[in-house]
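Build the complex: two chains, separate frames, hints provided.
If you read the protein sequences in the order shown, they are chains A and B. Taking our numbering, the leading residue of the first sequence gets 1, the next gets one more, and so forth. Taking our numbering, the leading residue of the second sequence gets 1, the next gets one more, and so forth.
These are calculated hints, taken from the structure and not from any lab test. Misleading hints may appear alongside valid ones.
[Unchecked claim] List of simulated lysine-lysine pairs, DSS-like, C-alpha gap at most 27 Å:
{"#": "1", "chain 1": "A", "residue 1": "173", "chain 2": "A", "residue 2": "240"}
{"#": "2", "chain 1": "B", "residue 1": "717", "chain 2": "A", "residue 2": "357"}
{"#": "3", "chain 1": "B", "residue 1": "946", "chain 2": "B", "residue 2": "957"}
{"#": "4", "chain 1": "B", "residue 1": "199", "chain 2": "B", "residue 2": "141"}
{"#": "5", "chain 1": "B", "residue 1": "633", "chain 2": "B", "residue 2": "717"}
{"#": "6", "chain 1": "A", "residue 1": "246", "chain 2": "B", "residue 2": "332"}
{"#": "7", "chain 1": "A", "residue 1": "30", "chain 2": "B", "residue 2": "199"}
{"#": "8", "chain 1": "B", "residue 1": "332", "chain 2": "A", "residue 2": "240"}
{"#": "9", "chain 1": "A", "residue 1": "246", "chain 2": "A", "residue 2": "158"}
{"#": "10", "chain 1": "B", "residue 1": "332", "chain 2": "A", "residue 2": "162"}
{"#": "11", "chain 1": "B", "residue 1": "332", "chain 2": "A", "residue 2": "173"}
{"#": "12", "chain 1": "A", "residue 1": "302", "chain 2": "A", "residue 2": "286"}
{"#": "13", "chain 1": "B", "residue 1": "669", "chain 2": "A", "residue 2": "37"}
{"#": "14", "chain 1": "B", "residue 1": "285", "chain 2": "B", "residue 2": "813"}
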Amino acid sequence: MASGYSAKEEDGHHSGALGPAGGAAVRSRKPDNTAFKQQRLPAWQPILTAGTVLPAFFIIGLLFIPIGIGLYVTSNNIRELQIDYTGTESSSPCFACSQNYSWNMTTPCVCSVSFSLDQPFESNVFMYYGLSNFYQNHRRYVKSRDDSQLNGNLNSLKEPSKECEPYRTNDGKPIAPCGAIANSLFNDTLALYYNDPNGTETQIQLVKRGIAWWTDKHVKFRNPVGDDSNLTAIFQGTAKPVNWQKPVYELDSDPENNGFINEDLIVWMRTAALPTFRKLYRIIEKNSSTSPTLPRGNYTLKITYNYPVRSFEGRKRMILSTISWMGGKNPFLGIAYITVGSICFFLGVVLLIIHHKYGSRSSSADLTH
Amino acid sequence: MDFNAIRNLISRYCTGEENWVDSRTVYIGHREPPPGTEAYIPQRFPDNRIVSSKYTFWNFVPKNLFEQFRRIANFYFLIIFLVQLIIDTPTSPITSGLPLFFVITVTAIKQGYEDWLRHKADNAVNQCPVHIIQHGKVVRKQSHKLRVGDIVLVKEDETFPCDLILLSTSRDDGTCFVTTASLDGESSHKTYYAVQDTKSFNTEQELDTLRATIECEQPQPDLYKFVGRINIYQERDEPIARPLGSENVLLRGATLKNTEYVYAVAIYTGMETKMALNYQSKSQKRSAVEKSMNAFLIVYLCILLSKALINTVLKYVWQANPNRDEPWYNEKTESERQRHVLIRAFTDFLAFMVLFNYIIPVSMYVTVEMQKFLGSYFITWDEEMFDDEIGEGALVNTSDLNEELGQVEYIFTDKTGTLTENNMEFIECCVDGHVYVPHAICNGQILPGALGIDMIDSSPGPDGKEHEELFFRALCLCHTVQVKEEETVDGIKRGIHQGKGTSFYISSSPDEVALVEGMKRLGFTYLRLKDNHMEILNREDEIERFELLEVLNFDSVRRRMSVIVRSGTGELYLFCKGADSSIFPRVISGKVEQVRARVEHNAVEGLRTLCVAYKLLTFEEYQDICQLLETAKLALQERDKKLAEAYDAIERDFILLGATAVEDRLQDKAADTIESLHKAGMKVWVLTGDKMETAAATCYASKLFRRSTQILELTTKRTEEQNLHDVLFDLSRTVLRQHGSLTRDTFSGLSNEFQDYGLIIDGATLTAVMKPDQDGSTGNYKEIFLEICRNCSAVLCCRMAPLQKAQIVKLIKFSKEHPITLAIGDGANDVSMILEAHVGIGIMGKEGRQAARNSDYAIPKFKHLKKMLLVHGHYYYIRIAELVQYFFYKNVCFIFPQFLYQFFCGFSQQPLYDTAYLTLYNISFTSLPILLYSLIEQHINMDILKRDPSLYRDIAKNSLLRWRIFIYWTFLGVFDAVVFFFGAYFLFDNTTFTSNGQMFGNWTFGTLVFTVLVFTVTLKLALDTHYWTWINHFVIWGSLLFYVVFSLLWGGIIWPFLNYQRMYYVFMQMLSSGPAWLCIILLITVSLLPDVVKKVMCRALWPTTTERIQNADKLYQGHLSEFTPLSSLHASHHKAADAHHLNPRRSEHPSKKLMYTHWGGGADYCTFSSSFGHLGLHSAYSWGGHETSV
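Okay, chain B solo, but in the shape it has when bound (with noise of 0.2 Å):
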């Protein structure tokens, strides 16, 4: 987490240009500018070699055992595997050096091969020829080989093979069509410009004698910032400075489309390009189940620590009298007569940790690896996330969090192509007042004879129709659509077939597809961008022409877009189109009330709004906004600023033209997934950057917001009327009265007697209340928006940049509580949050799959959440906490009888089990149970998960793995390892039990010891299965009978090259023996009792939602009927039972009643049931909807 933060500060410095010292320059083709201008300094650069492999042949053992004992778990077991080497121990090394040795071999075999595979990639991207222009002829030369400052030749369809500045390609314009799909998987083609100095050099021979540096800053990860400065030198003249900013950069990876060749000089090269920058892993999540595991893992480093402490000190109290240290049957070596005592002593106390090591097991790693990793497969198998028209499932890029999934608290999501679909249609626009509203629209197709306008207000004077049309020219002329001329794809034969060719717009908005395709229907229909000049083709079917002089590009701070064209008759407009609130305040004349009050209206119906405002510029004031411009382009410091301000000088004093409205339509099923959310506990953050009226209502849509709802506003316009401290002040009055009067239950959520409140904050109120006061009050209130936050069911934060959504998460993240965190988005711009929270998940959208890639997991649809949470994350969680909590038990059971047994072996360190018993347990006898259940394990049915979000409140804040449950566990152990032991010591007490009067030895006793534990540990995990599908049954069963043949087969022959036989027989004349039998049953029952007493007990008396719902599962066959009220089994509420109890609509009732009869009693359920699926999942969602309204 901090980590994120220093890297979060670093790429800060990095792109804040205030720090940006250190240049490179870059001679293009490797001449030396002409004298006089600069010593010239060849610099040195990396050639353009990519390596992406970690290890060399030579360093690859050294390398990868260092990374691999680096981690803590493997450097333990090393310590105790050099222990058992060095010192006397009671167990050979190879107990634990064999399951370390294999553990890492496996690892570093994985590692080695991927490896491999990337050397080979490595050799493939390195080996690739590129051309290369030298003394003006084409050589090729081997990708590796490609300097900084070489001129690069590429052709159509080739990848770029490193960062290159364009410098003039085939066409006369001097520009290109890249796609940058394999970077960013936007595939829309975007166009790259050529500086106008240098695009006339377009064959080898005038590249040779162009002469020109290049100054640009040192490479940066960012795809999209680039600053730098080209300066060219023509005969005695003074340099030319040209500036040089992103859409002069070629990236590596992006592919040359639409164009025949291009001529680049290369600026970063290997593995400073900006795609090899983009690789850095990111920060490891580490999610709350590993941690638990960690705290739990350090106490039992500590008990077993103080046991061996404690047998330590035993010993020498023990052995003070010499007879018990030394007796005469038993003597010692005369080397270790003679070590110190305290050498003595300290070895005594290592062997202690050896003997006691097993308790933290190598392979509780190794099989919760194992568990995440083959368990995410679960989730890209799955059917139900796989969507149809991406063609894609669900994607995993991280199994280290599937637990995590299970654990959310809070959810923060993207508005637009999350919960939205980010398919926009163009509903309607308004001129002055005046709506026009195309017809029959159809998912961006018009039907014939639907090119009408419907005039609501057909009242357009001369003055009015002058202004409908320069607004309709206005939203032709002002985007950065493309046209993609369908016949250069699809070949000729669709154009014949319809007359003219069809094409179609590129955006990387799709808000201005829909705009431009909007006014298609409207009459105005733009062509094609062609030499400057943007055509259009008008109401009249003539073409208009535009040339198209600046483009002053959309950011996301100013929320608009300018362009200045110059009409075929000369004059010069400024035309802009932004969000309302950043045009309102410049504009000085225009209707503004009427549009204004339509675009409130339009945002209140949850449409995105857009005004249009246009200026006419004399050419003095275009030279002036020229000049601007030219200056602000070329400052190769703070850039950025200087061209807002130069922007902010141009982009006012306009006259407004109208506003349009787009709609875009909520995802398939995303009210119902919110609403799942919900009642899953889940509080649902909605982050976006739209306007308040517009989010609000998409809230409302989605169910984020009900009527019942009370909203809470923090905006700005309510601190401008109160201040924020006491805006802030009152909110959490008002949520802490309603607070105060209820009783604390975290079920009464759904009931209707709490008000749920819903808040709603904007960016720039949000930076206020995080904005650190000079009097240090701001924790304050931070922590009252936080207080006020916690008893918001939903918050609405408007208004938001991309680094304030990750502001939003971390807030949270680092509230008081610790919440889980989990962020969706689809675009770049929720990287941020994405990277921030615990969970990442990335929806597959349309903006690019820069959010997929970023992402923990990628989902195709908002909907998938549910199941990803609800379904996945629970079962994930539930496993995963047994898998943890089982591990630990059955190693207190395995080695706490060790423990015990020290007390009456005289501290002497030996061990109760054989050797073979001690290495096997963890690896063989019991693995494979545990791993099945931790992947198989559901302990619900899937869909009464789905169907009933409450669930997930039975397992959240990690409650599975809390302390109590823990020591629970432990002490389980502990009493199991007790009466493993005492049972076997009673009947070993100084009697015999067989029926020939012989005797059995210290190792029948630890048979005897171990087989009671490992029947016990595997009954109890049986115990602990809720789903028996046949592999349970392979493995349980299998497992117990692996270990009965294992211990036939090791004690039946004496085993050749073993320095001992001492379980020659052993385990056969142990099962020879009646008592022994009886034994093992015995202790096996007694161990099992008190948690299935338990278990049932809880069951009973305190059950959980959980047990409820399996108990009512069980009741009805299986399956529980769709019909179930499985709200009435949450009864744990009296009130609420009462409540449902005294619904006055009764007449509800008997018809349920009569289902359960039906359904509970029938015979022939199980066809209905199938039969009956389909349907009842419906009704499922509309009675979920009764419910909550009742």
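Bound conformation, chain A alone (with noise of 0.2 Å):
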């Protein structure tokens, strides 16, 4: 800095006085004297040092491990059965419906699996299914879809996407919805029933409604609007996808479920992220607030068998899982923050005694000789 002010005070000295031997008039290109222009813009300088970044570490250790243990506390309270029942081996009570598949039989095949609730599950209960080895983020099933068919637009009802492809057309017509997603739409039917200890069934109530997210149900999935209210006229000239037993606007009785805006439709149409995946089904609601929703004892799963899983080795899974603030069980979290946490706290204690040691030596050691 110093030297900056000296130049400025001989500028007034020279600049006048002494010329090149051309005697060309000396025309001040002076650089300003700005902080930016000079580099000198004021700054804060922090520098990584054992002795700062210690306070860091301490505190995400003792910051980390309380939410570690929370959260693997909060994971371990939830209830979470899982039922497979694939029937590929032949002891599984699918297993004659997995054997003697076809997609155009006329009755559906029915199995029925039971099973036992040690503990009772409170609150709300949600039911997934689950499939493993189904590749739902395969590049080409992914796009394969015509979003602006779902989002009600007429033109592509009728001509829909070229992603769509080879589940674009069926006989001429144009298939809606088309593409490969939706042609795989998870088509088995489960029940819930709940053995009383006196031997009576009760079919326990699935709710099929919240199932996707609102904004999809609302924004992004819409019926097509015509001059008629009725879908099926709507839908008129449009054929169903070739895997589906009933069309599009068919799926449910209910109006506000029915088309595109079928929430098992939606559901499906969000693609999973990884090849084993579980997918929402059914919300078996909390009706009172003594009762445990799903008391201990034993239930049946009833399943309509239709979706076939064995070509490609897949399995398919019925859950049964209560939900906390952070979902469903998942010990990842809970064991990372505390894995995470603890090794920052160690680290803590390793810089601690490197600052002790050398942090002195290194800097201020020399200064104070």
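Given below as structure tokens:
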């Protein structure tokens, strides 16, 4: 800085007096003395030293470990039950259904699996179906859809996107909804019965609304609107997806859950990230504050077995799970937090030692000599 | 580099006249010569149109595109883009097409605009009117219509429209004055001569009768060389042939001065003028960083290829099961099925390439280029590198080499004008051993009453008196100085005031001016050259007139010049002045011993010495000389060689008169600069044409050599005693013995126990060392020589010819370690070495601007080199190193998760991220922070960098871009990518993490990974930033905010005109889930953890010098106290620390300690620092001096 100032003082003395030999006028092209141009902007200059990082490590350790414990405990408190009903083993109740399966079966194959709950499931219980080895994230599959068709665009309804190939048209008629995703809609029907100790079998009420994202149901997916309010008329001239048994306008009797805004369809259309996935199927709502939603006891799961997975060595599961604020059972986060927290804490200690042993040596020791 | 060599070779062949076969014949005024002489073959020459533009309106698009795609990177992206267009690829062509289109368009617009400007300038030049003589009349024409052979009329202050041969001028003597300021920057007026036989043709009518042809060489770029011949046909006589040299050629771009008008004939026009030929761009220099970058790129290209290959192979292994290849839910289209498996495999391979191509981003090139371009402004803006005297700051001619300034290992500097002021002062002269010192020298101004002569040894007898006066006359006559009358410039006013007109001397050589001015003070004033007579005002105020007969011009090979004059009494004198080495062997009488002693004494003092000798010529001798010169000058071939022979024959058998001494003062802070450069680990070589003793004295004065330096000499004197072989081996043994006895520690170079060596070598010996031997043992000599040089901290090469300078640079440049070289000089003789070195720096000196124009950077003074290298170079290097490493790192982080994802999506090339994210990641989410970082990062304050040059060693040898560090960054990137991917994987693993039980899909998965990615790489940069200005805060937090805002917007609405809505509400849904937040925080922490730990550990356990200083700086709240012994921070070497501790001069310590406590503890430290800043700087310097002497 000092030299900068002194240069300025000289400026007055010289610039006029001495010119180059040619006698050209000295045009002051002196650069501006601004902080930016002189690279002297005021700045905070932090340095990562053991001393400065130490507190951060301890703080991270002290924060992460409790969070981790909290997460772990929460996860452990979640009840979850998985039942694999693929039926590949001969002992399995669905073995028969899985063996003689064909797409154009007229009578559905029904099998039932019994299970028992050792502990009651409190609060709302969420029923999922799970598939493994099913590549919903395959590129050909992911893009095989027409979002504008699903958004109710009439043009796309008649003329679906090319991405839907080879599930775009059938017999010259456009498929609605087109594409591989819609075509492979999961179509097993699961029903849950509670076996009272007295022998009676009561069907448990499964709610099929609220399983899809609100925005998907209300914005992204829309039924096409025509002159007629009748869905059947609107979908006139389209074909149902090849693998479907019913056309899209007959998915549900409830008009709010029919056509493209059928929640089962919406859930399915959200392609899963990994080849082993689960999708929300139904919600078992807690109906009284006193009794658990699913009390302890024996249950039967009745499956209308429609969905073939044997060809690609897939598995099908039914999952019952309670939910906490952090979602379903997943010990990963809790364990990870605890581990990272502990590592940070440990590193903090190591750094403390280093800081005491070397930190002073490297900087202050020499200076105080 | 090779390009350079080839060019040199070509130019050598062009100038070497033995190969000069092709000549042109110009018919003046397009008139045929009288019949019978030669067949009249009109040659075709281009018109005088100047075309500096590259493109025309029609070829702009194709040619510009072609030029742009010749760059390998652009081509790569073009290929990727085309692949995306042709095959079915995972990402839309927009993702790579848009950035590429952007880059190409911006570049094209910039180049188009520049070319448009050039077109405009060209037009302006081509349209400007010129006057041509046709059939005895003056005709106005547009400049571009000018043809070779036209006679042109140029008036005063007009610029010559093409290269012309001067025919006649308004002056009777056929001379004119010209300034070539716009060509080579020399502002002095130069005299050009018309051929004696044409000078009388000075009206239009007369010119119409002139019949002559000019034969000359084909155009070549050397401004100072021209060989030609004019044949003048007179009635019926044989044509008279006259030689034409560069003194007859008026170059395009030069301006006519002080001459009313000239007539001249055009010989080179348009693009063949010497000016246009000089426009040819220099060969591109590439920096070491760029080379590393390209190496890294190749590695990444290999990674990319292997990734694609691995995935393709795995895909087909995995797909061997048809149910995996084509399960019932995901069938192929018919056309896909029918495609041949090899085509499919190849398409898949390309698709993977496309998917992973972002690992080499377009934006890296753009960012690097922007960084270099914008960054170079800091050099031009630097106030400390502004020189008030010249009124100019530093100039950047190539921004490509900014970072190379931080990598310099060898500095080759010129002496005169670079280390020294090139401001000559006459100190003394010595006639026959008697010393004369003019009093009161004050920058060329004579103080009143100081005209006396102080005679140290005042016993000149009558004979001595005569010699003395002859000596003074000799110096007054033997020069090429011009007198410029002030009245002609400033009007008469000044002349009236002072009674007589003031005049000053102009010359291309400052020495001559100093000598003539010195003579003026000693009583002999050179007045002017009039009608070929030189006029001298002698001590008795009488005017003596000497007829100037011949001037044997100075050249650097002969190192002397001579004039032949006829005195008023009719005696013919030949005066010669030159370097002692070139005069003494030619002297036959005179007091050689006394003069030699004085010359040597002066040389040791660092003065520039010249010897003066004369001889009397008889008329016959003069006739012979004229004959000799005439034949040599007329020769068209090998003229230079013949002239040299002629000069050699003429300049002999002298009588020695005496010697002069001129001082060239060292530049301001030159010594301090050299010392800093030494401490920074650079080896400084001085290459000069001066004599050894003078140069050595300058070296001592500039602290290149110290008292303790052991000087090794490799000079002609020594090689005369021993043969070269033995000398070389002797020296290498001396150096190596020393070397072997000490542990190799580069840092101990400063400590005293290490004997440092200085080498002096002269041009002749160097030629011998470099000369290829018959038995091929040259390599050996060269190796030994290099070995010696490597162990010398300073080398002085004296008696160097310009080409030898370049040779030396080349020798070092291509030596084993391939060190980075820097050449700095101010004169035209330094241009070759400036072009040769990795970095060429020009000083805007007194000897024209040639060096500055040919350099990569130009600075006003040598002292500015210190800041240029130690501060700017250092900063640019660390900035670009981080930029390059970071770019690769962030793209590994970006792409590796996609690679991992392929293992979970059946190798189907499913992209993990949405198209928008893929496109914008490098363009907007992560581009600005690193660009700004690479512009304003300062890891250490610049004051410290300047004060502690040894910090420069920390970045030497491209240390931040070593493979080890590159691999560390790459592994860090891979680690982070694994953390991102598997962190998200385990979170998503077959469970839900929303409180309403709903599930997330693959896009949420990708978005989660991407969010962590953006935050991690940005925060990683934040952790690396040492200099947080508001700009850094703004761009870093701004980028993150921008990402969030963009994501909210991108997912916030159903976008019309898009055929997919996959991102709709994905980001918001993700943020509505608590575990997603927790996961993001966790993954960022985990990703950053290893790097932080590594940094902290390394800093604590194995700190580099830089880090020690940062720590210390931190300890003292920002600015290091000026009194902090920085050297103690370098205590990486225990011995040094101990030495410091055991320092017997303990008296220093208490005072220092006092200083720390005062400075460190004081709360009002800041106020002190500013007021003491000035003082502190000085004390730091003096303290630095102390340290070395202890």
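Going down the list of hints, with the structure as the test:
no., hint, result
1, A/173 <-> A/240, "holds (9 Å)"
2, B/717 <-> A/357, "violated (60 Å)"
3, B/946 <-> B/957, "holds (20 Å)"
4, B/199 <-> B/141, "holds (24 Å)"
5, B/633 <-> B/717, "violated (35 Å)"
6, A/246 <-> B/332, "holds (24 Å)"
7, A/30 <-> B/199, "violated (48 Å)"
8, B/332 <-> A/240, "holds (19 Å)"
9, A/246 <-> A/158, "holds (19 Å)"
10, B/332 <-> A/162, "holds (13 Å)"
11, B/332 <-> A/173, "holds (19 Å)"
12, A/302 <-> A/286, "holds (21 Å)"
13, B/669 <-> A/37, "holds (24 Å)"
14, B/285 <-> B/813, "holds (13 Å)"
The structure fails hints 2, 5, 7 (numbered hints given earlier, in ascending order).
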